[in-house]
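Participant: Sequence:
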Amino acid sequence: MSRSAASRANRRGDPPPSPEPLPAPAVDSHTHLDIVLNGFRTDEPADDEAVDAEIAAAAAVGIPRLVQVGVDVPSSRWAADLAARHPNVLAAVAVHPNEAGEGAADDDALAEIDRLAALPRVRAVGETGLDRYRTGPEGWAAQEASFRAHIRIAEERGVALVIHDRDAHEEILRVLDDEGAPEHTVFHCFSGDAAFATACVERGHVLSFAGTLTFGNAGYLREAAARTPLDQLLVETDSPFLTPVPYRGRPNASRLLPHTVRALAEVTGVGLAELCDALTRNAERVFGPWGTDPTG
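In this note's numbering, the protein residues as written are 3 to 298.
Note that these hints are calculated values from the structure, not bench results.
A hint or two may mislead.
[Said to hold, decoys possible] Simulated restraints, written as ranges between beta carbons of each label pair:
#1 293 - 20: 22 to 30 Å
#2 23 - 200: 29 to 37 Å
#3 275 - 200: 26 to 34 Å
In this text, all values refer to a predicted model and were calculated from it rather than measured experimentally.
For every residue, glycine included, the Cβ atom is placed at its ideal position computed from N, Cα and C.
Using the sequences plus the hints, can you model the full thing?
Facilitator: Structure representation (structure tokens):
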């Protein structure tokens, strides 16, 4: 994701209406509530009441817990602050690879990500990784250096690693194999085919599927999901991006995640309630318990 992509997402109007609630709770493992509500206007923070309303709307359809993901230092601080005050939210912090490719992952930024990663409600470093689509070759070395630094922070802090992988499948695995992946490594918005899914699963990584699973041209994703063991699956919105069918093209929100969960149940052949239970267990294994006390 980039600032320009966020701007485009926020020009598409309001998210669609909420779907029928799930029969059991599931978890949105990757959302950007700050962008849903306020774009990248970090000088004008999203209103607490609006944020709480979005979280409540998700809970009303069976998505009571979320992982709020940072993409630069300001949004990572916002994610950590939200998780500190809200028992339904955990945080992930990082400098996104596209931002890193533009030089944003300097020593000061990485030191701040490391500081945030030590906070009790910050349970992942991400999204980090490689993006060969939006960043040209001139930024690839900086992306890789940032990715390696984020892997080390996740390992040292004992938290999960959340990976952004766009057009860089083999490069991502090369770096992970070289550095040594943290125990819990998540491929956010998994975008590979069945063969790549197998390579990731064999390494013990977790694959998180987004609304792209529902797209008509995404048969390769459905095949990848069908081959992924139940205990290595997560779901996400990546809101406000990647809105599932039947609302593709409109802004996404955590309350729309049931569309993707139902699609995943159909693809895997697992009963909907059983799938929801498994997705919740997997999220708690990867990110730790949400608990009821927002202080930790």
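Participant: Next step is simple, just say for each hint if it's right about the structure.
Facilitator: Now for the hints, and whether the structure bears them out:
no. : hint                  : verdict
1   : 293 - 20: 22 to 30 Å  : 26 Å, holds
2   : 23 - 200: 29 to 37 Å  : 34 Å, holds
3   : 275 - 200: 26 to 34 Å : 28 Å, holds
Going down the numbered hints, you'll see the structure goes against none, and every one checks out.
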